[in-house]
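Residue numbers (numbering that gives the first Met the number 0), protein chains in the order written: chain A, 0 to 265; chain B, 0 to 323.
Hints may contain errors.
Listed below are several chain A residues computed to face chain B (Cβ distance under 7 angstroms; list not exhaustive) [as the list claims (entries may be wrong)]:
| no. | residue |
| --- | --- |
| 1 | Arg12 |
| 2 | Glu15 |
| 3 | His16 |
| 4 | Arg22 |
| 5 | Asn96 |
| 6 | Thr98 |
| 7 | His100 |
| 8 | Thr105 |
| 9 | Pro106 |
| 10 | Pro197 |
| 11 | Leu198 |
| 12 | Ser200 |
| 13 | Leu201 |
| 14 | Pro202 |
| 15 | Leu205 |
No lab work stands behind these hints, which were simulated from the structure alone.
Note that beta-carbon positions come from the ideal geometry of N, C-alpha and C, so glycine has one too.
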Amino acid sequence: MTAVARPSTGIERVLEHRFLVYRRTFRASLFSSFLTPVLFLAAMGLGLGSYVSTSSAAALDGVSYLAFLAPGLLAATCMQSAAFEATFPIMAGLLWNRTFHAMHATPISGRDVTLGNLAWIAARMLLIATVFTVVMVLFGATESPLVIFAIPAAALTGMAFAAPIAAFSATQRTPEKFNAIFRFGITPLFLFSGTFFPLDSLPTILQPLAWVTPLYHGVVLTRGFSLGTIGEEPVLAVVHLLVLLGFIVVGTVWADRTISARLVRG
Amino acid sequence: MPDDVVSTTALAGAPLSTTPLIAARGLTKKFGEFTAVDAIDFDVAQGESFGFLGPNGAGKTSTMRMIGCVSPVTAGTLSILGLDPDRDGPRIRARLGVVPQQDTLDNELTVRENLLIYGRYFGLSRAECARRADDLLDFAQLSERAGDQVEHMSGGMKRRLTIARSLINEPELMLLDEPTTGLDPQARHLLWDRLYRLKQRGVTLVLTTHYMDEAEQLCDRLVVMDKAKIVAAGSPRELIERYSTREVAELRFAPGLQETLDGQLDGIAERVEHLPDRILLYADDGEAAAVAVHERGIQAESVLVRRSSLEDVFLRLTGRSLVD
């Protein structure tokens, strides 16, 4: 009698594989996820912020530019990392190394492969967000102990991108379009979703655009926790959360389809 | 976490059952309008070594992927280990050892790590994975390379590792899709030797190949596939007896001469086959046929008399050679 792995076990095995590979680059990656916020907060928050804070503090909810910027950067950094994790590694597993096909030849199902990889990206996002938040605290860039909830909020922001992008990646045969995702999707969002300046500084016609992308919602949510202002508009906070969850659910269902389809096709 | 899950399938000494390990009836695979496998029937018995021989694009890999429960059956029935791949895919896959045509090793991991993580995919405990990995490294003659990163290994070593990896769950049935394609002769012979040992241990092997020598070496029984259909089935010897003669004389001529020989070789052999670069005379006594050609005053540049092979069977059945 051969025992078969439970579905949940399959996901754990996929996670275990990703962790095994990650162990090799663990230190370098941890260092860079620490260095990135340090550099950004030092340059933008302290350097640039010293010009901003005196002139227009009122526009920034009455907080310093550093305190305004830091949670935005936290959410945006998760978005960038998640987008990367959902493109090249997915293509590698399906086309280059074909390690997902190796998994699929065992009791592990296509759904396990999908959910295991997304769970892995979520774990990475939590790690990155945690390191970033620690740096924020060290910089004195937080206003509230609620900042602890900025960690899952930022991770959810990342996942709202990771799930649909992973689904798209599984439909591609070459990485050509990945550059377009970053150039025309991730980078503009990074700049114009309320990360560096409040959304109402944007031309009025562009403002609704920010509403349909996940980053804006993630930034507002993350900032609400970091500044402790989340309770001021509770209904809106729930809406932001639901938008993120919506992207994650739809993206995950889509990714399950495209990744499984690619595994079946060979 | 069920770390104690171990597949307890016997590699040897399993009772011989009369029901086939694999049974396919009218098995069909379509990709849109394209029919990759067209209503084929075959059985594979326990302990036997069964081959799919055919050129690229004949439908071998599509068939293997259906048996491997990674590609759904379009039509017909397929039973593997008495189970239905549509319903019991993961349960069947837990008892298979798969060597895919393209390597799916993890290049970033070491040789040993590749074995360990693969065992984990089957739900084996870490201790069990480690124990089996050591045995398999030994079997694949890779013990000394255990700590090396896979990326830097030769093609032959990677294939051996892939085979070792496919054995980590002690499979009852091994599926090998073109196991030696792209390897040099020495690496191929080493691999054949390992596969032969598995066969001796009672593991059922199903393999595809477009090398006739591989099929002759490894297969108890095989089917010849061409254009999505099975065109012949039997043991290598049966197929050769049925579709070819005992010997073949291969004649090569000076440039331009072969084209002028139409009809001049009639009656010398049971069958005369004109290939672009040579003429094949099928006869039970190839030497005598070659002498007869000479007696008719036809000068061949070279004459090679050999035994018939599956290549000749394939040529007879399809009018084409296996490897273009």
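Structure-based check of all given hints:
1. Arg12: 5 angstroms, holds
2. Glu15: 6 angstroms, holds
3. His16: 5 angstroms, holds
4. Arg22: With a minimum Cβ separation of about 10 angstroms from chain B (threshold 7 angstroms), the hint on Arg22(A) is violated.
5. Asn96: 6 angstroms, holds
6. Thr98: Because about 5 angstroms separates Thr98(A) from the closest Cβ in chain B, which is inside the 7 angstroms limit, the hint holds.
7. His100: 5 angstroms, holds
8. Thr105: 4 angstroms, holds
9. Pro106: 4 angstroms, holds
10. Pro197: At 43 angstroms from the nearest chain B Cβ, Pro197(A) fails the 7 angstroms test, so the hint is violated.
11. Leu198: 42 angstroms, violated
12. Ser200: 45 angstroms, violated
13. Leu201: With a minimum Cβ separation of about 43 angstroms from chain B (threshold 7 angstroms), the hint on Leu201(A) is violated.
14. Pro202: Result: violated, 46 angstroms to nearest chain B Cβ.
15. Leu205: Hint on Leu205(A): violated, closest Cβ of chain B at ~42 angstroms, above 7 angstroms.
Hint check: violations occur at hints 4, 10, 11, 12, 13, 14 and 15; the rest are consistent with the structure.
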